[in-house]
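**Q** Read off the chains here:
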Amino acid sequence: MSIIPNNKPFIAELHDIGKLVDKDALQKQNIQIRGHTFCDFDFSQIGISQPSSPSWWGQFSDEIKSLTSTNKKKLMGYYISDVLLTNIADELAASISRTWGKKGEKAEGLYVLWNPDYYQKQVNAGEKWAAFTTPDELREMFKFIEECNSPEEFFKRYDKNLRLTPEDKSAPMNIVDLFTHLELTGKIYRVLKKHSNFDQRINKLIYANNEIQQVNEATGGRINEPTEKGKWIYRLIFLSIAFPQSLSRLQDLNVFRKRADLIKSFSEDENTKDYVLFFTDDFMCLFIPKEDEIQIYDLLGPFLKAEFMIDYKEMEAELNLLTSSMERAYVNFHSFSSTRHLKLYEKNLSGGFLEKIICPPLCDSCQMRRGEERIKDQIHEYLCDTCYSIREMGEPASDYAQWEGKAAWMKITLDQEQLLTSLHRLFEEYVDTHQAMQSVSNSDKELLKESFRPLAVQMDFAKDYKLLLKAFNNQIYEIKDNDGNPLFTTDNFLYPVEGYYEFGIFKVYSGEEILAVLDLFSNLLEEYFPECLKDSPIKLSISLAPVKYPYQEHWRFLSLPKNSINIQSPGSSKLGIDMSQYKLLREKIKREDTKLSHFLHRLADIEIETKSNMMVMLEIFNNRKKFPVLLELTQNELSVNQILDFYKLTREEVIP
Amino acid sequence: MKESNKTFLHFELETQAIAIGERIKGGTFRPCIECIPTSTLKGAFRDHFGLIDTLAIGLFREDTYQKDIFTYAPFDTFLGTAKLPISLEYLKPANGTEAVIADIYTVKNGTTESLVKTSPVEISIGALKSKGFGRCNLTYMGEVKSNLKVGYLKGRLLEDECSAFGISKVIKQCYGYLFCPTSEVSGVYKRALFEGSIIEGPEILIKEEYKYDY
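Residue numbers (the working numbering), protein chains in the order written: chain X, 1 to 656; chain Z, 1 to 214.
Hints may be right or wrong, so weigh each one.
[Unchecked claim] Here are the simulated DSSO-like pairs of lysine-lysine, each with C-alpha atoms no more than 30 Å apart in a straight line:
| no. | chain 1 | residue 1 | chain 2 | residue 2 |
| --- | --- | --- | --- | --- |
| 1 | Z | LYS169 | X | LYS290 |
| 2 | X | LYS611 | Z | LYS92 |
| 3 | Z | LYS172 | X | LYS313 |
| 4 | Z | LYS172 | X | LYS562 |
| 5 | Z | LYS172 | X | LYS548 |
| 6 | Z | LYS131 | Z | LYS108 |
| 7 | Z | LYS67 | X | LYS562 |
| 8 | Z | LYS92 | X | LYS347 |
| 9 | Z | LYS131 | X | LYS347 |
| 10 | Z | LYS108 | X | LYS574 |
| 11 | X | LYS128 | X | LYS143 |
| 12 | X | LYS305 | Z | LYS172 |
| 13 | X | LYS626 | X | LYS562 |
[Claimed, not checked] Facing chain X, according to a computed beta carbon distance under 10 Å, are these residues of chain Z, among others:
| no. | residue |
| --- | --- |
| 14 | THR112 |
| 15 | CYS174 |
| 16 | ASP213 |
[To be verified] Which stretches of chain X does chain Z cover? Using the computed rule of at least three CB atoms under 8 Å from a CB of chain Z, they are:
| no. | stretch |
| --- | --- |
| 17 | 49–60 |
| 18 | 333–347 |
| 19 | 549–563 |
For the record, the hints were derived by calculation from the structure and aren't laboratory data. Treat the numbers as computed from the prediction; the structure is a model and nothing was measured. Cβ coordinates follow ideal geometry from the N, Cα and C atoms, glycine included.
Bound-form chain X, shown alone (with noise of 0.2 Å):
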């Protein structure tokens, strides 16, 4: 029999809203369901026939492996290979490879592995993960699947319910929310379904000139399967778009919106979104066909235009073999002497555009092209047309001209390199350690460990890490002075550039500005990142200095931070410390304690005179029965000059 569909599109994102179905809650009303997918339901349980949209057939992707599956004739002709690649796309977008078998126990919910009580709050709270839990709301669901226009219909629609339901309930696979796995699943399939062509006389898939019939002849098998090629070769790339320009002038800050807007226009185009998987302020993550199929170099194009310096990591590899986890899945990969393909390469674009001969003047500002003499207040600047340009978009920040005394300039960074070490780090905890996977063996455990692919979970932690830069925004002008006034309002805390969070400017009087914005990144970061205050992949870093200090070294020291907190104020102190040991600074030293604060004052006097660390160290000795507190901060790793840069760098004095 066949159904002729209705004129909406296939949308691979609802393949899975059956896994919003309460099953238990629909049994005890009498309606048996088996699995989460529907394409052996029984309809006349609740008396409709079964939806005609093309999307309905995604609910057969569980099983669909082979165009020449006997499945197909239950398909409507095309919608098989939408279908297949619905599988495959799925497939890669699972935080875990699905032919790895051994599970845990299922759980209700999610596990966010940064925040394990989040769903539990949530529930607190009064959300609930299940969307159909009644007879009517099964019928709603099927409605839905008839009628449903556009993935983002979906999304918007069911956003709370997909925050909440895993992606799959057993341990330990529960960790990505359903929200992600599909927006993921969605975008791959499109991208694949973008660069292969259906052929109906052939009942082949191709792309690049290779034909599959089957999943596994696309996708190859697992990393220790050195002999199951996969025909489709995709790529994997992390990018991170910098820029060469000085900062010299506030009008140079301009350059954050311009690459904002570039990004967000870059991941919001119908052509290109799909290739994007996820990014933050100067970073994208990107999906895309082998070079032969799409020129990166073409891609890219706006942003180079814009004359922006791209590096990228890229692995290009059957699609089985992609993932995040790009150096660890290379060493794997050689340990095998596999003779499939992955290939692992350090790029950067930019250098077509440079001349190899400038005659002078150089460009003031970035250094890479000829300048022109330009002249504003009497001032006059080498400036090349791109530098000019981004002078020339406005006037950021422009109180910070009018300001005197200190400012610290704040920027808030999450390296992606870090966070893949921290997601390994705690996905081997929660296997290790989770009740939830006691059932399962070590030799087990060990292969999920090595399974891990953190992509989808990279996706929904730089969600959470937005929300974080959004609630940094909301709360930093809710703090109270002493008098119960606000500490910061929008004139004495800046943000140059419209929406790009991650980067701040404030006015510093006192020790107390800077210890309020240390203790709301702290209070924020450990209420949605408790898990990773050890090794915190989200860093602070503060550039206190009078305000004429020079902009671009401010930038040096906030773009290349190394510890979670780092603080400076030049010539002074340097700081840079974890978030534990802040805590414990925090807790310990206390800037009313005029005592303590003279004895600091007194050890800072001492090293600067001695310029020996002994000395201090001495110092705190002999007087140990005083100041106990100090003794017990160098015994838990902090160094005597960390404790005095703290304590110069947060202290209670008002800074001239």
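Since chain X is already given, all that's left is putting chain Z on it; use the hints.
**A** Chain Z in isolation, oriented as in the chain X frame:
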């Protein structure tokens, strides 16, 4: 592992304070870089020894220096007034070390061999020589044959000097520009490879090995 076909003369350079300026015009802060580009050494060897087109590159040893800032007010002799104070970043010996040390490698040829005979010798490199910066002792250490390796470049050299330094492949370019005089009063900026470029070249130029495909 293949050996580079180049032979280098290795010199050790010692100084108490040196400022090789990052080329930032305007503003009152002059940051310094942490290597000695080929163009700087070419100029220094020409001024001190009359050598034309010496091929040499300088790499500061990481544990021997720290950065500090020197502030001074330049004097405008024409107007007879002081200009805005300038803060100059420079390298000074790290705590516990006696001098900033750099390794200088010159490509061995007839011209550079004459340098060996003058060693040890005092030369001046970098900015603010009138204030005592950049006075260096240059001491010949010996000949070096270096293995070829693929990795991240740790100095700055002109793109057209690559083959003379034994760089057989440039895998990833981090470009910048170095000034090259064409006469006493003029010059041009030439495209150069900066730190972070990935090359196949003599091990002495490599900061860290690159382990992936190219």
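**Q** It remains to establish, for every hint, whether it holds in the given structure.
**A** Each hint, compared with the structure:
no., hint, in the structure
1, Z:LYS169 with X:LYS290, "holds, 24 Å"
2, X:LYS611 with Z:LYS92, "holds, 15 Å"
3, Z:LYS172 with X:LYS313, "holds, 11 Å"
4, Z:LYS172 with X:LYS562, "holds, 25 Å"
5, Z:LYS172 with X:LYS548, "violated, 37 Å"
6, Z:LYS131 with Z:LYS108, "violated, 33 Å"
7, Z:LYS67 with X:LYS562, "holds, 18 Å"
8, Z:LYS92 with X:LYS347, "violated, 35 Å"
9, Z:LYS131 with X:LYS347, "violated, 43 Å"
10, Z:LYS108 with X:LYS574, "violated, 43 Å"
11, X:LYS128 with X:LYS143, "holds, 21 Å"
12, X:LYS305 with Z:LYS172, "holds, 20 Å"
13, X:LYS626 with X:LYS562, "violated, 34 Å"
14, THR112, "violated, 25 Å"
15, CYS174, "holds, 7 Å"
16, ASP213, "holds, 5 Å"
17, 49–60, "violated (count 0)"
18, 333–347, "holds (count 5)"
19, 549–563, "holds (count 5)"
Hint violations for this structure: numbers 5, 6, 8, 9, 10, 13, 14, 17, all remaining hints satisfied.
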